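Protein chains: 2
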Amino acid sequence: MPLVFTNISEVYTPMQRITGAALAVKDSRVAWLGSGPNLPDLYRSWPQQDIGNRAVLPGLVDSHTHLVWAGSRVDEYRRRAKGSSYEEILSSGGGIYNTVTATQKASEDELYELARERAKIFLRGGVTTLELKSGYGLEAEHELKMLKVIRRLKETLPQRFVPTLLAHVIPHNWSRQSYLEMFSTELIPEVKRLGLAEAVDVFCDQGAFSLAETKRIFETALEHGLKIKVHAEQLKHSGASKLVAEMGGLSADHLEQSTLDDWQALAKSGTVGTALPGATVILKKPFPKLRAMWDAGVKVAVATDHNPGSSPLYSMFLAMQLAIALGGLSAEEALIAGSKHSAEALAKSDLGTLKPGAKADFIVIEGTDAMLPLYGWGYQPIHAVYIGGNKISAST
Amino acid sequence: MPLVFTNISEVYTPMQRITGAALAVKDSRVAWLGSGPNLPDLYRSWPQQDIGNRAVLPGLVDSHTHLVWAGSRVDEYRRRAKGSSYEEILSSGGGIYNTVTATQKASEDELYELARERAKIFLRGGVTTLELKSGYGLEAEHELKMLKVIRRLKETLPQRFVPTLLAHVIPHNWSRQSYLEMFSTELIPEVKRLGLAEAVDVFCDQGAFSLAETKRIFETALEHGLKIKVHAEQLKHSGASKLVAEMGGLSADHLEQSTLDDWQALAKSGTVGTALPGATVILKKPFPKLRAMWDAGVKVAVATDHNPGSSPLYSMFLAMQLAIALGGLSAEEALIAGSKHSAEALAKSDLGTLKPGAKADFIVIEGTDAMLPLYGWGYQPIHAVYIGGNKISAST
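Protein sequences, first through last, are from chains A and B. Going by the numbering used here, 422 is the number at position 143 of the first sequence; the sequence numbering is gapless. Going by the numbering used here, 550 is the number at position 271 of the second sequence; the sequence numbering is gapless.
Okay, chain A solo, but in the shape it has when bound:
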């Protein structure tokens, strides 16, 4: 049913700020958005819904999460707060491997229930689209199980979920050579055949995959028509961001150790550079130089990197606030980074932006100022969330 939302105090599209706005929606997409008095006659006969002089923001897009996981790493969090490093814990067989064991043991149903509860928390925080990665299964059977959980989330929840196959670490009982062989010749083709992922991501870093291994996985992914993205320059500088840029990838994520050279490659190819402030702050790494990256022409995105180890972060607004306070973005830029740019990191040009033709995914703020959720730290004043023009209950 076509509908016009009226009495919007202000909206960020996010590229533009419009005060006293109206928003017309048809077939779950934006038909028109502009200043209320300019609403064309065509839309004036449509049913109206009064937003109550509240502000509106685009639905947030979290373009990097590991939302499907089982087990607990609270003890590891405690240990790291006492000084153990992430790298030490990972190399001694803890960290990711801890979650792998629990996730392999968990059934598809159990993983679904756990991820569903987390997705609801993100919904209450204004996140209408989430990218979700596999990567805690490692064995083909369990990687496919994770991707099936993501498909089930897509089928049953109102949010939009974008699945990614992640090459995370080499399992302990495999040689590097044979795991890479299996991943490339069996897992990627099977995932493609079943339509279970849109992209392939590789954790290219110390303790994970080398640059050469990453390149081989990317080549296979591209051959199968899958997009590529990468965990790059987080713990050590590997050159993965330049590689993914040169291969036409969607995004290079983390970037704590990235340099001007990397940013120029990302800017040139239009590859999104994604900051993951949760992991940066929680692992006490240097904050990526977002101000300089933005000024170098990189499309900077912000995501939560939600995962049980390095980033148990449940709030996109908090991720964006950290990008402002520690990365030097303005509030307006952080908003673009958490909506439009993060949608581009998923190749979804009709998400994360409120323009004619785009999906009508938006947040109604509890207040007249659209920046209130970026202003209030540890408090998200969200009145309602709409996906495809439909109001979504947080108890869904």
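Just so you know, the hints here were simulated from the structure itself, not pulled from any lab data. Treat the numbers as computed from the prediction; the structure is a model and nothing was measured. We treat Cβ as the ideally placed atom computed from N, Cα and C, and that holds for glycine. Some hints here could point you the wrong way.
Looking from chain B toward chain A, a few residues come up when the C-beta cut is under 10 Å (computed) [said to hold, decoys possible]: (1) G350; (2) R352; (3) R357; (4) R397; (5) G404; (6) S548; (7) V560; (8) L592; (9) A598; (10) L601; (11) A604; (12) L608; (13) E611; (14) E612; (15) A613; (16) M650.
Each computed DSSO-like pair below joins lysine-lysine, with the alpha-carbon atoms no more than 27 Å apart [claimed, not checked]: (17) A:K568 - B:K563; (18) B:K471 - A:K563; (19) A:K361 - B:K547; (20) B:K361 - A:K634; (21) A:K563 - B:K568; (22) A:K568 - B:K361; (23) A:K568 - B:K568; (24) A:K563 - B:K563; (25) A:K563 - B:K564; (26) B:K564 - A:K568; (27) B:K670 - A:K399; (28) B:K564 - B:K494; (29) A:K361 - B:K399; (30) B:K399 - A:K399; (31) B:K433 - B:K506; (32) B:K563 - A:K564; (33) A:K547 - B:K361; (34) B:K506 - A:K361; (35) B:K506 - B:K471; (36) B:K433 - A:K361; (37) A:K563 - B:K361; (38) A:K564 - A:K627; (39) B:K563 - A:K361; (40) A:K670 - B:K399.
We have chain A already, so just place chain B on it with the hints.
Only chain B this time, still in chain A's reference frame:
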């Protein structure tokens, strides 16, 4: 009615971790706390309440807030994110003065309603005690109005509120000399006479009060039997933390620019050193060296500094998480800093700790691990909040 809470998966007192605990409460105070099987016979006949194998933490104590304010400083937040400094905005007559104008204009009723809504947000975040400062009234009439709002919050809400008279800045229409005279000879005696504050705080920094002025205000406060505390070493090093330590003050707060010399003075006098991570991060100041302060023997506390300008922070757990990630505290230390030490910063030895005789203010965590709310960033898994042994509804 006496009551025994059973089936507590674990509790931090916060000085001690007890698993499989039981907690006996009588007359709103802790009668006994320990391992369930050790529950003395005396308490076994009392009515029991099953906590459902959930974890328990002491109610959090936020020992530094400016919760009573009117107006909006979202635009200033936006400007600062673009590069304007707090000091520039303050010296050009914005910042605090902006809130002063709005707070002077607001009625006692309006201020009460605004503060009440904020206090509820803190309650949902596990904060059972809040210190609240005046300081946006400046004129005696409006300072008293703010303190009366705090008294009304105390009388009407379940949380505990501790009122502080704050010498914040010199009003534009007063000479320094005559404002100090009025503050010391009129306002402090009147506040004491009406019983409207327990302590006097001074913002001793660039753009506010000098060290000599601070000393004079403290002397008057002490003469009137009021306790003293200070905003110290935030923007510039002033020596205020040593001053308040030498004068037997409760706490020195902020401490971004503090030195070993200051810490030794605080440690010697037992004066609490309070970190305010919201203001530090949002104003992009160097994070106080909490690890070194703690190791130098300072009783380190953490508080939100909730205020509309430099720290629109609504979550004690987030303040504690920033103290872990950026200040080097362990999770266990951060918990002590946000409960026991912050209660000591208010001279409330029966708050912020779960021991026989202390007030039975505690949080039931949604999960078996008491550290879950420090682990999950941007998400507070709180099942219930108890004050004086009574379960408090968040809609109160």
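Taking the earlier hints as the rules, which of them does this structure contradict? 1, 6, 18, 29, 34, 36, 38
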